[in-house]
Structures are given as structure tokens and as C-alpha cells.
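> Listed below, chain by chain, are the residues.
2 protein chains.
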Amino acid sequence: MISRDDCVQLDQNDGLAFLKNEFSLPDGVIYLDGNSLGARPKASLARAHQVIAQEWGVGLIRSWNSAAWFELSTKLGDKLASLIGAAPGEVVVTDSTSINLFKALAAALQIQSSHPETARRKNIVTERSNFPTDIYIAQGLAQWLERGYQVRLVDSAQELEAAIDHDTAVVMLTHVNYRSGYLHDMAGTTAHAHKHGALVIWDLAHSAGALPVALNDCGADFAVGCTYKYLNGGPGSPAFIWVPHRHQTKFTHPLSGWWGHAAPFSMQPEFEPSPDIRRALCGTQPIVSLALVECGLDIFTQTSMAAIREKSLALTDLFIDLVETRCAGHPLELVTPRDHALRGSHISFAHPHGYAVMRALIARGVIGDYREPHIMRFGFTPLYLNYADVWDAVETLTNILDDRAYDQNQQRDTVT
Amino acid sequence: MISRDDCVQLDQNDGLAFLKNEFSLPDGVIYLDGNSLGARPKASLARAHQVIAQEWGVGLIRSWNSAAWFELSTKLGDKLASLIGAAPGEVVVTDSTSINLFKALAAALQIQSSHPETARRKNIVTERSNFPTDIYIAQGLAQWLERGYQVRLVDSAQELEAAIDHDTAVVMLTHVNYRSGYLHDMAGTTAHAHKHGALVIWDLAHSAGALPVALNDCGADFAVGCTYKYLNGGPGSPAFIWVPHRHQTKFTHPLSGWWGHAAPFSMQPEFEPSPDIRRALCGTQPIVSLALVECGLDIFTQTSMAAIREKSLALTDLFIDLVETRCAGHPLELVTPRDHALRGSHISFAHPHGYAVMRALIARGVIGDYREPHIMRFGFTPLYLNYADVWDAVETLTNILDDRAYDQNQQRDTVT
Numbered sequence: 001m002i003s004r005d006d007c008v009q010l011d012q013n014d015g016l017a018f019l020k021n022e023f024s025l026p027d028g029v030i031y032l033d034g035n036s037l038g039a040r041p042k043a044s045l046a047r048a049h050q051v052i053a054q055e056w057g058v059g060l061i062r063s064w065n066s067a068a069w070f071e072l073s074t075k076l077g078d079k080l081a082s083l084i085g086a087a088p089g090e091v092v093v094t095d096s097t098s099i100n101l102f103k104a105l106a107a108a109l110q111i112q113s114s115h116p117e118t119a120r121r122k123n124i125v126t127e128r129s130n131f132p133t134d135i136y137i138a139q140g141l142a143q144w145l146e147r148g149y150q151v152r153l154v155d156s157a158q159e160l161e162a163a164i165d166h167d168t169a170v171v172m173l174t175h176v177n178y179r180s181g182y183l184h185d186m187a188g189t190t191a192h193a194h195k196h197g198a199l200v201i202w203d204l205a206h207s208a209g210a211l212p213v214a215l216n217d218c219g220a221d222f223a224v225g226c227t228y229k230y231l232n233g234g235p236g237s238p239a240f241i242w243v244p245h246r247h248q249t250k251f252t253h254p255l256s257g258w259w260g261h262a263a264p265f266s267m268q269p270e271f272e273p274s275p276d277i278r279r280a281l282c283g284t285q286p287i288v289s290l291a292l293v294e295c296g297l298d299i300f301t302q303t304s305m306a307a308i309r310e311k312s313l314a315l316t317d318l319f320i321d322l323v324e325t326r327c328a329g330h331p332l333e334l335v336t337p338r339d340h341a342l343r344g345s346h347i348s349f350a351h352p353h354g355y356a357v358m359r360a361l362i363a364r365g366v367i368g369d370y371r372e373p374h375i376m377r378f379g380f381t382p383l384y385l386n387y388a389d390v391w392d393a394v395e396t397l398t399n400i401l402d403d404r405a406y407d408q409n410q411q412r413d414t415v416t
Numbered sequence: 001m002i003s004r005d006d007c008v009q010l011d012q013n014d015g016l017a018f019l020k021n022e023f024s025l026p027d028g029v030i031y032l033d034g035n036s037l038g039a040r041p042k043a044s045l046a047r048a049h050q051v052i053a054q055e056w057g058v059g060l061i062r063s064w065n066s067a068a069w070f071e072l073s074t075k076l077g078d079k080l081a082s083l084i085g086a087a088p089g090e091v092v093v094t095d096s097t098s099i100n101l102f103k104a105l106a107a108a109l110q111i112q113s114s115h116p117e118t119a120r121r122k123n124i125v126t127e128r129s130n131f132p133t134d135i136y137i138a139q140g141l142a143q144w145l146e147r148g149y150q151v152r153l154v155d156s157a158q159e160l161e162a163a164i165d166h167d168t169a170v171v172m173l174t175h176v177n178y179r180s181g182y183l184h185d186m187a188g189t190t191a192h193a194h195k196h197g198a199l200v201i202w203d204l205a206h207s208a209g210a211l212p213v214a215l216n217d218c219g220a221d222f223a224v225g226c227t228y229k230y231l232n233g234g235p236g237s238p239a240f241i242w243v244p245h246r247h248q249t250k251f252t253h254p255l256s257g258w259w260g261h262a263a264p265f266s267m268q269p270e271f272e273p274s275p276d277i278r279r280a281l282c283g284t285q286p287i288v289s290l291a292l293v294e295c296g297l298d299i300f301t302q303t304s305m306a307a308i309r310e311k312s313l314a315l316t317d318l319f320i321d322l323v324e325t326r327c328a329g330h331p332l333e334l335v336t337p338r339d340h341a342l343r344g345s346h347i348s349f350a351h352p353h354g355y356a357v358m359r360a361l362i363a364r365g366v367i368g369d370y371r372e373p374h375i376m377r378f379g380f381t382p383l384y385l386n387y388a389d390v391w392d393a394v395e396t397l398t399n400i401l402d403d404r405a406y407d408q409n410q411q412r413d414t415v416t
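As they're listed, the protein sequences go chains A and B. All residue numbers for the first sequence refer to the working numbering, where the first residue is 1 and numbers rise by one. All residue numbers for the second sequence refer to the working numbering, where the first residue is 1 and numbers rise by one.
Watch out, some of these pointers could steer you wrong.
One copy or two, either will do: identical chains are not told apart, so a pair holds if it fits within one copy or between any two.
[What the hints assert, rightly or not] Taking lysine-lysine pairs in the DSBU-like style, the calculated list, with each CA pair at most 35 Å apart, reads:
{"hint": "1", "residue 1": "250", "residue 2": "20"}
{"hint": "2", "residue 1": "20", "residue 2": "195"}
{"hint": "3", "residue 1": "42", "residue 2": "122"}
{"hint": "4", "residue 1": "42", "residue 2": "20"}
{"hint": "5", "residue 1": "250", "residue 2": "75"}
Honestly, the hints are just simulated from the structure, not real lab data.
Could you put the whole structure together from the sequences, leaning on the hints where they help?
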């Protein structure tokens, strides 16, 4: 069995180890929840000081131009584009994932309904296990449009394939499942959907910054995602939306605010969408939170998504191996697929007392999180985790389980 | 004529003068654009440091509970409520004004369409001179619903009254016009609309924090507004939405994201709206920008909206008086109503070379802004402006106009 010394040796040979120095992490913590809220880039504090003290405090209203606040959503979008296989001018960082999904879904339905061949299609196909807000947004839009749209929830990847048919207007999937860590085959599913005439929207919440994504190569239609998880943008930092050049002139949605106008300052009483990606914008953006997204993105310029993926798989393989070896005999069940091709960068184990065990882990400084039912979720972010961290986390888990050092009757009164 | 010494004397007797110390303003600047981006509260820098270094950096994911990030939208909403005549539990700070208006308008149309007496009403009445994003959002929603809704644009306050009739579903107005500074009679217009069976949505972008607002006393139906102008929340800080208790169970909208769910962490695949004001939320909020809103709101606890209004009217009276006296002979036209009952806290003057004159003013440290066509806009924020500032600003304007110290051919290539 691999020892802690072996892990230390792996760390010494780790070509990405130097990147941990870009982050500020508290002492005594092994942070396995970067899939929920990424750690803080050290640069964020100075950047916030600059935006608040200088750009806001001294520049005041002039900073919309002089500090290029107006360009921030597109500038950050261009920086993010290369991480997800998108081209410059195809991404903006703005609003929340839920709201961006609303725009993308509205646009996709509009494209389908305006073609004679696809106009009668009424199904929006997604997974029952998708992150709930994605399903809620689809339900909300379908219901409000009152045009007979149905959200069809499927229960498995096999069922998904069969559910995509000539009644499908849009397939809407999260690339990596938030609970199980299951990774969809973006190229295969997109091709399958296109073969049946459906458009595909990908939610990259758990894949942007976690593994290589090739939106344009896969021929995907639209994508949205989150900057506060693997991209380390800060708590609740604005989300992103991708609209490929080939769809931009057809990209319309009802959130037609002034930031999406072709000439926002001409103050005309008729909406005319911007000819470019700006038409995915709506209203004024929270500049301080938005600016911090750049600190996270800039760290990625020092490495590649291929190198990150390689280390991510090594860390997660190690974690699975150590848990299954050292915690054998405890009722732990690996929920995440073992196959590299089928998983993202977090590992979920079910345990009958998963909530209580996770609370005990957090109390000892190993921070993962819990998702109903019974699932302990452990995120592995290669930018600031090393192999010894994995060993130490499993050591703590082993001790808690062996000693039954958790309160089995713990109420789920708060969610971490 | 009033002298600069008289102004200094007024400042010495000003009961609000001490509040200027709460703000950080650059040397050599007279800031008359707080109606576009409020000045920086000194407290904001320490608060940002706390949120970024401690809550994010050390607390990490735990801060959603331990730093009460989940409660921030409602906590700030309660603080804001007292400034706009709302009750606790009726306001949340979230998203942008455009998106909140979309929610409010969707909810209002849904309420009207579900009553047999009002279901056939198809008009959304607003002003052609309303801030464009409000009109665009109404156009977007009306068009996408495909139920025959029309946005009816009226050209004057007189026409507004006549336009509200038994075909009107919703009246949607900005309380203080962004360009002219015209202040609507909220009580009178709301009563008039209700008499005709219409619901009324107020956009408080230029009134929240600028003058007393009495939403509940006026019987208004919904309101939205901005925190980065008179409330000094920071560039693009999240907006707010007000839903009175009497309408909350009927408040539904298509942006049904997980933050608006009755049990966001139960991860159920069916949307069930929160029973309270949280149903106006959608997705995860930008916490750093959101947290800074509190620094602005807390300053208001040291005074009252009545005292702010009294000083605002004194400052604006003084400005009008000085401009009309000292710049007599120049082609300046007062666009804002002279009557206190008909104006907010900014003053607009038209000038044939308004853009160039404003550029010259800004170059000399008197920062107002420009709005098409020909309008120079001057905002007066009693929390950090004094009477001598007004005198000095007019002195600068007088010098520029007398000396023709502006480039009449200046291109409008950027907008400040």
C-alpha cells in the first residue's frame, strides 16, 4: 500500500505543486470543497483594494471608461474561452448560472420554433439528477411560455439516449453531475442530439477549470457555467454564458436589458440587440465581484487544462484507492464512476451516516460537503491540493470511522 | 446674490455636514454624479478585506452559514426597507434592476391574467422617456409571452393619466426620471391606476436614498431599484425588489431558480416557491459586491430621509439660483421642474454644446454627466456634498461658459 512518504515523494515530483503558492489557505485545513467554492487566490486582496480604493473611490463614475468596467464581462469571457474550447468573442461573464441558462434555453427554443422542421418539437430533455436549479429554470420557462413545452426528466444515461427523439427541441445537461461526479460524453451526446435535430445546452458548473472542455470541437450549441467553483472567482462571483459565433445572430431571449443593446447609450426606446456576444448581457454587473474573477482565471495561464486533468485523475485515483483500502469494512459505497472517461474532479462516497461523518471531518479540518441522500462529496482541485493532503484526509476519515467518532443522530439543521 | 462666504456659513450650520466624513472622496473633485455611481463609504475597504481575507479565505465554504452569506439578501433588504416605506420581510437585494423588473412585471401580468375581471387587459403603460432598460424589459416580456401584450409609451404626465384605462394591465414608472429629474406623484398615480384596476410597479433607481419614499402608504404593488446610486453600494452592486406582504403568495415569475425554492437544499426536481420574499431570489449572489451594500446602508441610520430631502432641496435650489444668475446670457435651459413636489435630487440643464461643456467641467474636477440630447446632469447627494461645493461648481461652470473653454466639435466617442 502507498505510504505517506510515497505521497510526499509524488509531491516533490509534481510539476503543478508551485501553483499552491498562488492561493491563500487557512492552516490546519485540507480543502476538498473547491467544487463548491474555490479557494482564494492571493491576488484577490490587492485587486479588490485597487477596484474599491482607486477605481471606485478615486475614479468614481469615470472608471466605467478609464478602468474599462464596461469591457470587463467580455474581457473575462475571452480569458475564460480558452479553458472551455471556445473562441474569443463567444463568452461573457455575467449574472448567475440560473439566469444565463434561462437566456440560453429561451434562445434555443426560439431557434427551434422558428424552423418549420422543428417548430412542433415540445420536449426539453434533461436528467432528474441534474442540479435542481437547471430543472427549475426549464420548468419556469416552459410553463410561462404556454406553448406546450414539457420538461422530460430521464433517470439514466441509457434512458437519455432513447429519450432524445424527433419530439426533442432541446437537450439540457450538466456536463459533470454535481452529486455523482458522472461525466457525460459531450461529443457523443451532442452528435446524437444533432442527428435527431435537437439543440444541446451544456452546464459546465463542475467542468470549467476542472477538466478539458472542447465546446466548439464538440459542436455544442450553448453553454453556461460557474466561476466560483474550479475557477476560484470568489463567493457567488458572476457566471458565464457561451454562444458560438454561428448562433449569435439567432441568439434572442426575453431578458433584453440595456447592456445587451447595440447602442446602450443612445437611449432609444426600442430594443435592438447587440450584433455580438454582448446580446447575452442584460443589466449592470457587480464590478467588485466581477473583477475578482480575473485573479482566478490568470492562474490558469501558468499551466494547461491537460496538465490539470492529469493531476486531477491521479489525486482522485489515489483517494479512491486509499479509502477503499484503509476504510474497508465500513459501509462506504463509491458513487462516482471509476472509469476516467466517466468522471469529473470530485469523488462521492455514500455512507448511511454520511451527514454526521462529514460534520466530523469538517470539525477536524477536512472540508468536503454533503448532498442528500447520504453522499459525502470530496472535490480535488489540482491547483492547490497535493498528494500528501489526500493521504492525510483519508487518515482522518479512517480514524473517524474506526472510532465511530460521529454523532449518528445529528440533525441536518444546517447545510455546509 | 449669495456669496461663497454665505455658503460656508450654511455649511457651518448644516446638521448633516458630519456625514461627509463617512466617505472617501478624491482631492480636487466636486462630485455631482452620485445619482449615477455613489461615492465610496470609507467602511467599504475594511468590509471587503473582511469578506475576502476572512470569510472567503479562511471560512471558505463554511461562510455560507457561519458568515450568514445565505441571509445577506434578506438582511440587506430589511435594512433598506425603512428607507422606502416598506416593511421587514418585503425587500431582497439581488440581481440587477433589469432582472428584478422582469420578475415584478411577470408577476403583475400573471396576477392580472388570473382574474376574470382583468384577464383581457393587454396594455403595459409607461413613459417614452423612461430609462430605456425598463422599456426593453417590458418589450421583451410582452413579445415572448405571445399573449397580445402591448407596451404603450406615453409622452407626458398628462397623457399618462388618460392612458391608464380599463385596458391597462400594469403601469410601470420610474419614480424620478433619469434625465429630467421629474418626480411622479406616487400616491396619486397609484390611486388613479388602482381606480382603473391596474397594478403599478415603481422603479426607484433615482429615488431610493434620494428622497422619502412611502411604498406601503401609497399602496404601490411592486418596486425595484438600484443600490449603487444614492445608496452608495459600489459599482454595479446588486439591485433590490420590493414585494409587499399582501402580494407575496401571488408573486410568481419564470426565473424560478433554486434560491427562490422553499427548500433549496432538499434538491427536489420540482420547483416550489418559498412562502416569503425569498421567492424573488433566483441564483447565487455575488457576495463581495453584495456585502458592500451594507456599508452604504448603514450611513443612513445616522440621519433620516426627511433631513436628507430638506438638504437636497436646499442644495438644488441654490444650484438653480446660482446657475440662472451667474450664467445668465448663456443658452442654458432648466429641464428639471422648479417645483419641489415635482423633482428628485438631480438637476438637468440643456445646452447646445452640453456634451463639450460637461467634458470641460469634468476636466476641471466638477464631475456631472451627460445624457442625450444636450443634457448636462448634476446630482446632489446631501450625505457628502456641501453648499460651498455647489458655489464652486457653478463658479467653474461660469468660467467655462464665459471663456468658451470647451471644444464645440468634440466627438461623443465615450460616455462618462
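> Now tell me, hint by hint, if it's right for this structure.
Cross-check of the supplied hints:
1. 250 to 20: Classified as neither; 42 Å inside a copy, 50 Å across copies.
2. 20 to 195: neither (44 Å within a copy, 65 Å between copies)
3. 42 to 122: neither (48 Å within a copy, 54 Å between copies)
4. 42 to 20: For residue 42 and residue 20, the Cα distance is within 35 Å both inside one copy (10 Å) and across copies (33 Å).
5. 250 to 75: within (22 Å within a copy, 40 Å between copies)
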